[in-house]
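**Student:** The chain contents come next:
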Amino acid sequence: MMFRVDRDVLAEAVAWTARSLPARPSVPVLAGMRLEVTGEQRLKLSGFDYEVSAEVTLELQSGEPGVVLVSGKLLAEITRALPAQPVDVVVDGAKAVVTCGSARFTLLTMPVEDYPSLPTMPPAAGRVGSDVFASAVAQVAVAAGKDETLPMLTGVRMEIEGDTVTLAATDRYRLAVRELTWQPGQSDFSTIAMIPGRTLNDTAKALGSTGAEVEIALSSTGGKGEGMIGFTSAGRRTTTRLLDPEFPKYRSLLPTEFSARADLPTGSFVEAVKRVALVAERNTPVRLAFRGGEVVLEAGSGDEAQAVEVLPVDFEGDDINIAFNHQFLLEGLGAIDSDVARLNFTTATKPAILTGGKPVDNDGPEDYRYLIMPIRLSS
Amino acid sequence: MSRKQVIQGGARGGGPRADDTGCPILHVDMDAFFAAVELLDRPELRGRPVIVGAAGARGVVLSATYEARRFGVHSAMPMTRARRLCPSAVVIPPSHGKYSQVSRGIMELFQSFTPLVEPIASDEAFLDVSGAGRLIGSPAVIAELIRRRVREEFGVTCSVGVASSKFVAKLASRQCKPDGLLVVPADGVVEFLHPLPVAMLWGVGERTESALTRLGIKTVGDLARVPPATLKRELGQAAGAHLAALAWGRDERPVTPHTPDKSIGAEETFASDVHDPEVIRRELLRLSERVAARLREGGHVGRTVSVKLRRSDFTTITRSRTLREPTDVAAEIYATACDLFAAAGLQRVRLRLVGVRVEGLRPVEGVSHQLKLGERDLGRREAELAADKAVRRFGPGAVVPASLVRPRFDEMDL
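For the record, the sequence lines run as chains R and C.
Going left to right, the first sequence walks through residues 1 to 379 as the UniProt record's numbering numbers them.
Going left to right, the second sequence walks through residues 1 to 414 as the UniProt record's numbering numbers them.
Since the hints were made in silico from the structure, they are not lab data.
Be aware that a few hints might be false.
Result set (DSS-like, lysine-lysine): computed pairs, CA atoms no more than 30 Å apart in a straight line [to be verified]:
1. C:Lys-308 - C:Lys-262
2. R:Lys-350 - C:Lys-389
3. C:Lys-218 - C:Lys-177
4. C:Lys-372 - R:Lys-146
5. C:Lys-98 - C:Lys-177
6. C:Lys-372 - R:Lys-249
7. R:Lys-146 - R:Lys-274
8. R:Lys-274 - C:Lys-372
9. C:Lys-372 - R:Lys-350
10. C:Lys-308 - R:Lys-146
11. C:Lys-218 - C:Lys-232
12. C:Lys-389 - C:Lys-372
13. R:Lys-249 - R:Lys-146
Bound conformation, chain R alone (with noise of 0.2 Å):
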């Protein structure tokens, strides 16, 4: 086997496929990237762990057909550092040398047949835009639980009811809920998947850099089993996984009357809430109290250092005071994704619900919603 390809495009690829294999594999074959010339002019490099499986094809400028398997990382470090001239790489027996300008790398060869086969893409199911998949993913991934003892609450919920896709995911202390529209592939189609939260959303970050329209698969419609979604854009497909569908009740949860309304200027909330935080430890709580057109941010309290700021806000209904873990309320403000935010408010132990305040226009009002529950303080 050997191939002559772009520098650039070599680098780009392997970094993609290696993003995706395990830091400590199970099985030693498992740290290897699988690079296989096929009859076409092409080459396809793929990663799997079990879990998530990675495959980018490329044209390429020459090559002989032929397959190998090399140290992922290890290829992924020395094509990141190459000088920009066209790379060669040509499998010698046990061997496999990189060629670049004055460059060159020997690497070793893993046993190719030892090597799991990469499970096949589900049936596609739908289109989505690569950017708006990217970013809602962001928004909702944001609320998803870093625990892996509970590794149901790790997962993205995706819920597909005709053009409407809702992402949902929660740690039990925020819910973050994004709808947006897709091009199904049959207009009834409906299903619940749950995704692992921060693999979803790595590699929707991944593919959502080639501006094109992500493709997205479906082996399982909710029932219990081995469940895999897939990604297919721009020469790229990835597959993960599904975990149990299990998940809260939340729409439930999301209160539908409001007792109050407050409107701040997204930045300077931001500001604000950081400073303040300086005083507060981990886990300690940044109280909130809105009068009239002003809210008091304060934090610390008695023996401690303690901090206070007055912002004003444009504000309706009952006064309020509430207090929240700042971590989780500037992840919120981070997420909403516009210049006004709005916080709405039943009482001070019931969630408050943070969403952009934008005016209602584009794509219907709260397609985004960020549900925190406050902290209650000690009487």
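Dock chain C against the given chain R, drawing on the hints supplied.
**Tutor:** Chain C only, in chain R's frame:
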């Protein structure tokens, strides 16, 4: 209250009338405290050997009157052994509430002499009376006053050691027990210490003692003559340096008033070893309830939950986990304890003892709670606070978790 209280002997470097200049530290130790408190309710037992402790096969002696001690009974001794040594003793099961009530009263009495009171157990405390000299009198005068008032107001006796440092004061009170007073003059410390057996030093347990015996060190005087470098080599840097200092009476630790509880725990030795996880979890629940009630009573919350699991062969493991927020809720402590037990991999192993402990305590005031999605305003904590109220009104056991009602002893792996 330690195994060392049976060790007798040692020289008396002073007495009640010795020079107490520069000796502001008092160690007050109640004499056979639990037993003495029990005798208040049972005066007819005065003069007879009385032992306080659970009577079961695995009970241990918590306290014994001096009449019982004459037979060789001492605290921490297995009850079976104690009964063999002193068959005529009256055994009284402990009622801790009664002791802590008397203890609180006595600690308050100490507070009226000096704010520098450091309780180290329910029946002993250090006092620093250096500030009370002008107002009340010299340390020995205060010590005598404390002894009189404890006797008159609480009907129990105590022994007081007066010295220039905490550890010498503690040794002094031990030397003058029961119902005594001993002043170790500041310039008589070495003279007082050196004839004492080395096991009496604070921090010398059985292991250290046998290490020292191997080196031919029997008395504190022997210890003092060993070069510190040798001690450090034999016992480790910290322990070696510590003992070398103690041997010359050097102890810089101040009396720290109101040492807050660092942890609250409860443990249970099973009547016979248990391997049924169901029974063990039920015990963890009972202990969690007890620990949580004590946390709430003291106004504490803690973030770290630990469990202690002792196998039949006495090998013991402890596992702990730090929670997201501090808690005083039995349900949370229990859930964590069960997780820790499950993760310890001792499911079908026979256990002799289990314990639950909450560490990293802080006052409940100012502690906030991150609400969870769908969490009700009134949760487990409120339910347990209501149970506390019922218990205060109707007594222990008024409200208990359903699984602890009528424990099924037939399941206790007999």
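**Student:** Give a verdict on every hint.
**Tutor:** Against the structure, the hints come out as follows:
no.: 1; hint: C:Lys-308 - C:Lys-262; verdict: 17 Å, holds
no.: 2; hint: R:Lys-350 - C:Lys-389; verdict: 27 Å, holds
no.: 3; hint: C:Lys-218 - C:Lys-177; verdict: 23 Å, holds
no.: 4; hint: C:Lys-372 - R:Lys-146; verdict: 16 Å, holds
no.: 5; hint: C:Lys-98 - C:Lys-177; verdict: 23 Å, holds
no.: 6; hint: C:Lys-372 - R:Lys-249; verdict: 14 Å, holds
no.: 7; hint: R:Lys-146 - R:Lys-274; verdict: 22 Å, holds
no.: 8; hint: R:Lys-274 - C:Lys-372; verdict: 23 Å, holds
no.: 9; hint: C:Lys-372 - R:Lys-350; verdict: 10 Å, holds
no.: 10; hint: C:Lys-308 - R:Lys-146; verdict: 29 Å, holds
no.: 11; hint: C:Lys-218 - C:Lys-232; verdict: 17 Å, holds
no.: 12; hint: C:Lys-389 - C:Lys-372; verdict: 26 Å, holds
no.: 13; hint: R:Lys-249 - R:Lys-146; verdict: 20 Å, holds
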